[in-house]
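Place chain G on chain L using the hints.
Line by line, the protein sequences give chains L and G. Going by my numbering, the first residue of the first sequence is number 1, and it counts up by one from there. Going by my numbering, the first residue of the second sequence is number 1, and it counts up by one from there.
No lab work stands behind these hints, which were simulated from the structure alone. It cannot be assumed that every hint is accurate.
Straight-line alpha carbon distances no greater than 16 Å define the calculated EDC-like cross-link-like pairs of lysine to aspartate or glutamate that follow [unchecked claim]: (1) L:Lys84 / G:Asp33; (2) L:Lys58 / L:Asp116; (3) G:Lys2 / L:Glu149; (4) L:Lys76 / G:Asp119; (5) L:Lys84 / G:Glu28.
Example chain L residues on the side facing chain G (calculated, C-beta under 7 Å, incomplete) [what the hints assert, rightly or not]: (6) Asp37; (7) Asp39; (8) Asp47; (9) Val50; (10) Gln55; (11) Thr147; (12) Ala159; (13) Ala163; (14) Ile166.
Glycine residues also receive a C-beta, built at the ideal position from the N, C-alpha and C atoms.
These are the residues of each chain, in order.
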Amino acid sequence: MTGPGAGSGQSVAAEIEALYRSHSRRVLATLIRLLGDFDRAEEGLHDAFVAAAAQWPKQGVPANPFAWLVSAGRFKAIDRLRQKARFDASVTELTMRLEADADEAEMVLDEKTIEDDQLRLIFICCHPVLPADAQVALTLREVCGLTTEDIAHAFFTAAPTIAQRIVRAKTKIRDAKIPYEAPARNELAQRLDYVLSVIYLVFNEGYSAASGASLTRPDLSAEAIRLGRLLVALLPDPEATGLLALMLLHESRRAARATADGEVILLEDQDRALWERDRIAEGQALVRRVLAGREIGFYAIQAAIAAEHAGAPDMAATNWVRIVELYDLLMHADPSPVVALNRAAAIAERDGPGAGLALVDAILARGELGDYHPAHAARAELCRRLGRLDEAASAYDRALSLAKQEPARHFLEKRRRELGLGG
Amino acid sequence: MKYVCLVYLDEAIFETMSEAEGQRLINEALDSDDALQASGNFVYADALELPSAAVSVRVRNGELSATDGPFAETKEHLSGFIIIEARDLNEAIRLAGTIPMARYGTMEVRPVRELERKDVDD
Chain L
1 MTGPGAGSGQ
11 SVAAEIEALY
21 RSHSRRVLAT
31 LIRLLGDFDR
41 AEEGLHDAFV
51 AAAAQWPKQG
61 VPANPFAWLV
71 SAGRFKAIDR
81 LRQKARFDAS
91 VTELTMRLEA
101 DADEAEMVLD
111 EKTIEDDQLR
121 LIFICCHPVL
131 PADAQVALTL
141 REVCGLTTED
151 IAHAFFTAAP
161 TIAQRIVRAK
171 TKIRDAKIPY
181 EAPARNELAQ
191 RLDYVLSVIY
201 LVFNEGYSAA
211 SGASLTRPDL
221 SAEAIRLGRL
231 LVALLPDPEA
241 TGLLALMLLH
251 ESRRAARATA
261 DGEVILLEDQ
271 DRALWERDRI
281 AEGQALVRRV
291 LAGREIGFYA
301 IQAAIAAEHA
311 GAPDMAATNW
321 VRIVELYDLL
331 MHADPSPVVA
341 LNRAAAIAER
351 DGPGAGLALV
361 DAILARGELG
371 DYHPAHAARA
381 ELCRRLGRLD
391 EAASAYDRAL
401 SLAKQEPARH
411 FLEKRRRELG
421 LGG
Chain G
1 MKYVCLVYLD
11 EAIFETMSEA
21 EGQRLINEAL
31 DSDDALQASG
41 NFVYADALEL
51 PSAAVSVRVR
61 NGELSATDGP
71 FAETKEHLSG
81 FIIIEARDLN
91 EAIRLAGTIP
101 MARYGTMEVR
111 PVRELERKDV
121 DD
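Chain L with its partners taken away, still in its complex shape:
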């Protein structure tokens, strides 16, 4: 204890408030391990902060607030179980077991254990036994500390729907007896994929939001970047690093990628002075770190492509040779038709629109992207550059017949009009 005179009641209250923001998720992660249950841990977390608010103004803030909160939360939880045991004999055994654990030698709470607990929490929230939307909701609530109402608002969903998702997810974790462990080495890569895709999904949800309604949304992209940083700090994996770099590089272009009223601005037309240099520098440094290593994957390659764009003064001065090389690499990591389409667009920049169009037509001929409007929009753009305006118009019409979202439709209609052919 720092003893009396540590500060006025008001400043202690402010300190507790700040501690809640900075530490509550970490205290929760450790309590889940110690108490073996999400709800019991949340109850303990809450009780610990209530106890802190009652005791710290009088006794001063303890020297190690984290350990104090964990210990208070755990003993309060045991107290509650003891009370419950009066009514329900089945909890007696559990109470005794938790008490015995607590009586054991001093709890080990070094930095490593605390970090491991956080990692366990992330992996359990993104466990493949849970549906994807539940993984997202649980991660945002338990790891990021967003309220259910915030999450519902961000995903344009009703709060009870999100609440049910979270309750079901916790029940599933309990019923399936999913251990509170980070995955073993042999399944780490596969389990990490789930974590990375949850983070990327959260990022894209914030990034692809049209303006207007999105202004009142909590900043999901910032939350995803925060999660990405936490993950890289806990687990310096090349793909986690690649994802963080990719998100930073995308985020750096946020201000330049749409007009005030939400119209899409293509990379080639963006005002590069609006790109955020700090984020670009951080993203590029992360890309260099990954490229220096032996492993490079899906996210890191995309980040490397984004880093090339971020470093180029304009479209013409972009290193398209390097970008095509990276797309070739990406085709190995993820041989999907969408990657092939993006590679075709890069080849059009390197070798001219004719070479790009031949590839786009070959992709469309394979049929997988027949209903994907960006494929038809890409075809239209390349036909336009080749002066084949009638073909461009019909490709835009096809794209328009497939595009559902307003910003994309506006953009396509504008391009179609600029051909000057009439409808």
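Frame of chain L, contents of chain G only:
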């Protein structure tokens, strides 16, 4: 955020209980209120008399009418409520789950809507 936990019960379940069992349940419910108070989540709670003691009031066209009831054709009816303070809906659900009556009936958890007074131009 404040949430109201509305307790819907079929009070016939109490008829099957001995007097001592019934009193134990009441004590447990009061202990639960105390526990919510201690954790800073309690705002207010009360049990309600049976719907047969209720009167429905309406004013239509300036006329007040009062009728007995409501006598809805349901076995479960509103028999009490607990107002709690919780960080979010999931915390409210967790807290509602600790209330003993949740084991006997249905607990409807509803966020409280804060009304705000604003000047209105006529």
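Between Lys76 of chain L and Asp119 of chain G, does the CA-CA distance stay at or below 16 Å? 48 Å, violated
Tell me if Ala159 of chain L is really an interface residue toward chain G, meaning its C-beta lies closer than 7 Å to one of theirs. 5 Å, holds
Does Lys84 of chain L pair with Asp33 of chain G here, judged by a C-alpha cut-off of 16 Å? With Cα atoms ~14 Å apart, Lys84 of chain L and Asp33 of chain G stay inside 16 Å; holds.
Per the CB criterion, is Asp47 of chain L less than 7 Å away from chain G? 6 Å, holds
Supplied contact hint for Asp39 of chain L, tested at 7 Å Cβ to chain G: The hint holds - Asp39 of chain L has a Cβ within 7 Å of chain G, the shortest such distance being about 5 Å.
Given a cut of 7 Å on the nearest C-beta pair, is the interface hint for Thr147 of chain L held or broken against chain G? At about 3 Å, which falls below the 7 Å cut-off, the nearest Cβ of chain G leaves the hint on Thr147 of chain L intact, so it holds.
Given hint Asp116 of chain L paired with Lys58 of chain L - CA-CA distance at most 16 Å: 33 Å, violated
Keeping to a limit of 16 Å between CA atoms, is the pair of Lys84 of chain L and Glu28 of chain G held or broken? Holds, at about 10 Å.
Holds or violated: are the alpha carbons of Lys2 of chain G and Glu149 of chain L at most 16 Å from each other? 13 Å, holds
Quick one, is the Ala163 of chain L hint okay against chain G at 7 Å, beta carbons? Result: holds, 4 Å to nearest chain G Cβ.
Can we keep the Asp37 of chain L interface hint, with Cβ of chain G closer than 7 Å? Hint violated; Asp37 of chain L Cβ to chain G Cβ min 11 Å, cut 7 Å.
Using the nearest Cβ pair, does Gln55 of chain L come within less than 7 Å of chain G? 13 Å, violated
Going down the numbered hints, you'll see the structure goes against 2, 4, 6, 10, while the others check out.
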